[in-house]
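> Protein sequences, first through last, are from chains A and G.
Heads up: the first sequence at position 123 corresponds to 129 in the numbering used here, and the numbers run straight through without jumps.
Heads up: the second sequence at position 286 corresponds to 637 in the numbering used here, and the numbers run straight through without jumps.
Note that these hints are calculated values from the structure, not bench results.
For glycine and all other residues, C-beta sits at the position ideal for the given N, C-alpha and C.
Among the clues, some could well be false.
A few chain A residues facing chain G, derived, Cβ under 7 Å [stated by the list, open to error]:
no.	residue
1	I105
2	V115
3	A118
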Amino acid sequence: MKKLNRIIACIIIISMLVMLAACTSSSETKESNSPEKTGETVPAKSEEELLVEKYKPDPNKTYEIDWLNLMNINGSPVENTAEMVQYWNEKFNVRLNIINVEKDDALNVLIAAGDAPDIISTRGFAAYQKIAKDKVLAELPESILKAYAPNLFIGLEKEQPGYWNTTKVDGKIYGFNSISYYTIYRKPIIWNGLYLERLGITKAPSTFDEMNDAFYKLAKNDPDQNNVDDTYGLSRTGLDLVFSAFGAVVPDGKLFWQEKDGSVVLTCIQPEAKEALNYIKKLYDDKVLDPEFVTGESAKGGSVSDAFINGKIGVCTTSWFFQWVPANQGFVAVGVGNQGVLKNNPEMESKLMYADPITNPNGTKIYEPCCDNYGWRFRGINKDVADKEPDKAGKILQIWDTVNGSDAHTLTTAIYGSEGKRWDYTTVRGIKNVPAKRLGLAGSDGVIGGNMLMLCQPLPSLYAEGYPQNFIAGDALNYRNGMLPNAIQVPLPSCSEYEAELIKLKKDTYMSIITGKKPIEEFDNFVEQFLKMGGQKIIDEAVSTYKASK
Amino acid sequence: MNKSKVYLGSMIFDTFNIIMMLLFSLTIIYPFLYLASMSFSTTATNLNPLNLIPRAITYENYKTIFNTKFMLTGYINTFERISLAIVLVLLATILTAYPLSKKYLPYRSVITGLMVFTMFFSGGLIPKYILVRSLGLRDTVWSLVLPGLISTYSMLIMRNYFMSIPSEMEESAKVDGANDYRVLFQIIVPISKPIIATVLLWTVVGHWNAWFDAMIYISDSSKQVLQVFLRHIVISGYMEKELEESTVMMSTSVPEGLRAATIIYATLPVVCFYPFVQKYFVKGIMVGSLKG
Chain A
7 MKKLNRIIAC
17 IIIISMLVML
27 AACTSSSETK
37 ESNSPEKTGE
47 TVPAKSEEEL
57 LVEKYKPDPN
67 KTYEIDWLNL
77 MNINGSPVEN
87 TAEMVQYWNE
97 KFNVRLNIIN
107 VEKDDALNVL
117 IAAGDAPDII
127 STRGFAAYQK
137 IAKDKVLAEL
147 PESILKAYAP
157 NLFIGLEKEQ
167 PGYWNTTKVD
177 GKIYGFNSIS
187 YYTIYRKPII
197 WNGLYLERLG
207 ITKAPSTFDE
217 MNDAFYKLAK
227 NDPDQNNVDD
237 TYGLSRTGLD
247 LVFSAFGAVV
257 PDGKLFWQEK
267 DGSVVLTCIQ
277 PEAKEALNYI
287 KKLYDDKVLD
297 PEFVTGESAK
307 GGSVSDAFIN
317 GKIGVCTTSW
327 FFQWVPANQG
337 FVAVGVGNQG
347 VLKNNPEMES
357 KLMYADPITN
367 PNGTKIYEPC
377 CDNYGWRFRG
387 INKDVADKEP
397 DKAGKILQIW
407 DTVNGSDAHT
417 LTTAIYGSEG
427 KRWDYTTVRG
437 IKNVPAKRLG
447 LAGSDGVIGG
457 NMLMLCQPLP
467 SLYAEGYPQN
477 FIAGDALNYR
487 NGMLPNAIQV
497 PLPSCSEYEA
507 ELIKLKKDTY
517 MSIITGKKPI
527 EEFDNFVEQF
537 LKMGGQKIID
547 EAVSTYKASK
Chain G
352 MNKSKVYLGS
362 MIFDTFNIIM
372 MLLFSLTIIY
382 PFLYLASMSF
392 STTATNLNPL
402 NLIPRAITYE
412 NYKTIFNTKF
422 MLTGYINTFE
432 RISLAIVLVL
442 LATILTAYPL
452 SKKYLPYRSV
462 ITGLMVFTMF
472 FSGGLIPKYI
482 LVRSLGLRDT
492 VWSLVLPGLI
502 STYSMLIMRN
512 YFMSIPSEME
522 ESAKVDGAND
532 YRVLFQIIVP
542 ISKPIIATVL
552 LWTVVGHWNA
562 WFDAMIYISD
572 SSKQVLQVFL
582 RHIVISGYME
592 KELEESTVMM
602 STSVPEGLRA
612 ATIIYATLPV
622 VCFYPFVQKY
632 FVKGIMVGSL
642 KG
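Using the sequences provided together with the hints, build the complete structure.
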């Protein structure tokens with residue numbers, strides 16, 4: 007009987023497993039529609055013409071497009087009835103069905119499940135390369151781009167030479183890469199002018215001795231006048247200033263390349279970095295460097311320096327220059343950092359000093375750019391669309407070309423909303439025709455369907471014209487001075503394998519040396535280990551890439 | 352002499368215990384009080400640390416929340432989700448646990464074993480998504496309720512509780528002519544309040560806090576739950592480093608006070624609900640954990 011029960015139990019289990027295994031989707035496979043499997047042959051002579059013809063949108067057809075709204079980019083969910091969605095529906099004769107996706111991980115689930123919207127976005131070249139090779143993204147042949155996105159195809163290459171090379175996977179274009187518009191500007195260097203004034207310093211430090219003097223006075227001479235020893239010269243971001251004062255740009259979380267003697271060198275292993283570390287260690291030992299520099303300057307992990315806003319430190323150099331734009335000087339938008347200081351201490355805000363980098367031993371001033379040339383955020387078209395409805399893909403390209411490449415007014419409308427309702431042309435610091443958003447509007451740009459929703463990659467020139475407020479501020483505050491671009495901008499082949507570990511090694515070693523856990527002599531061991539862990543390979547690739555570009 | 356020594360020792364220990372527990376309680380209560388204080392503070396004052404009493408009280412943060420369209424719909428959708436979940440989860444769990452509590456159920460151990468298997472292994476996120484989509488549940492509240500309807504852990508706790516109920520009660524009811532359903536709903540369920548309250552609490556808290564499933568299955572913002580909006584507001588300012596190209600949105604940031612108010616807005620109902628079921632919580636878990 008027991009044996010019979012066991013046999014019956016086994017049969018039940020096996021039958022359940024068989025039922026589970028038999029549960030397959032009855033949806034059609036996606037591969038059957040790919041051209042290479044249909045066995046079609048196209049006459050070689052008119053292949054390009056046929057392709058262009060295939061992608062040609064029907065002007066009388068109302069296309070229904072599943073338009074991606076990636077909320078970690080655009081900032082808000084967007085409804086189909088949103089103001090700007092209706093605007094674009096009417097302008098382009100389409101019906102946009104906004105697919106709100108919270109972040110890239112959620113989009114990856116949709117892609118894996120075959121539910122991706124008609125537009126796909128991904129971050130990082132590795133991820134872009136993967137989904138291109140997995141046949142998730144549609145190839146965008148140059149003939150198609152020329153035909154249906156001519157402004158972008160020609161303009162992006164013209165304004166950013168080598169642009170289309172950054173979008174190629176195995177020699178084919180699959181989407182648009184994002185350009186960082188503000189690469190001409192460096193990170194801002196903001197000194198607390200109120201404190202410096204109280205310490206008898208009338209201008210922002212520009213030499214090493216002045217900087218050193220300012221640091222020690224800020225830490226030792228009670229600039230906040232509260233009889234408590236609670237201020238410091240600098241904290242985490244101020245270390246960038248120190249490194250650049252020694253002649254090396256050594257950013258916190260990435261590898262930086264500088265030109266030297268006809269080649270490129272990795273700054274974090276240079277002798278200048280060692281000298282800077284030695285000085286920083288002295289600042290730490292003398293309690294001039296904020297002991298909490300390890301955790302950063304922001305209380306909540308953002309990029310705005312709470313330590314500087316609260317008057318704890320005397321200098322900060324955060325990542326985005328437009329976070330430091332003064333109030334009451336006629337600029338379109340006050341920087342977030344200035345807003346914080348203004349609410350805390352209006353006098354301090356009015357006396358902030360927007361300084362240049364410190365002159366280094368070579369006699370030059372150099373500083374890290376606020377961003378790299380490219381954002382490596384890719385946007386492309388779902389391959390299913392290109393296979394089943396190529397004319398819809400052509401329509402999407404036309405929409406992108408109009409919004410991002412035709413004229414500045416359309417671009418401003420895409421970002422802000424309708425002119426006269428949400429923004430007007432105004433004069434800013436003597437510069438005429440500057441688009442400025444109206445204040446006190448209900449609903450953010452993102453919620454109404456503006457902000458980044460319709461953008462793929464605007465032409466830099468149009469962006470400068472259609473959204474110029476940050477460029478005006480950047481030029482007025484001399485944020486271009488001393489900007490040193492990273493000598494290697496493209497991802498190196500070995501970076502994906504070694505970079506993360508090398509950066510971690512660098513951070514750990516630097517912290518240990520500064521806090522005294524390891525002596526400065528450890529730097530030489532660090533260099534040796536760095537090279538062994540893949541650093542030498544990356545350097546060799548960088549040198550050959552640099553020489554190939556010259 | 353010995354008694355006074357023991358008494359003194361006991362007093363010292365109790366005092367030390369009480370002090371430690373008070374300090375521990377403070378570390379738990381303080382963040383909540385800090386957030387409450389920040390939610391009523393202006394942006395200037397809330398930049399200062401250790402601010403338990405707001406220096407400049409403002410209701411602007413809450414006004415902004417109540418005027419934000421999606422916050423109200425989020426609340427409504429969350430309550431809808433929880434209401435459905437409470438009824439269906441309890442019903443399904445009871446109807447699963449009760450038969451499995453009967454030793455005379457054929458292949459009881461096999462069925463239990465198969466259910467326990469699902470606690471450790473699952474198909475993964477993508478197959479689950481495909482299943483939900485193919486059932487037509489995407490963008491509906493059912494995608495948030497049905498996939499996790501029966502928690503194996505809760506079912507086992509409930510099963511164990513049912514097993515501890517004397518069988519004589521059921522037998523006497525059956526002698527009086529009651530069928531199995533009547534026995535279950537009129538005899539067993541009324542005396543199982545502790546475990547039902549426990550499962551109810553877990554269900555409510557679990558569904559109230561859940562956001563990942565809503566993020567995956569719901570793309571229509573009018574059907575989205577509160578926690579997804581909360582997450583978005585709270586962390587939106589911290590994404591700056593990832594968004595080199597989003598230079599348009601990065602010129603603004605969500606004020607800390609608004610973040611704090613959003614958190615209070617989202618957690619207050621659970622904080623109010625918990626004291627009513629607290630007494631059942633520990634009792635229910637301990638009773639349900641006896642014997643297998």
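> It remains to establish, for every hint, whether it holds in the given structure.
Going down the list of hints, with the structure as the test:
| no. | hint | verdict |
| --- | --- | --- |
| 1 | I105 | holds (5 Å) |
| 2 | V115 | holds (5 Å) |
| 3 | A118 | holds (5 Å) |
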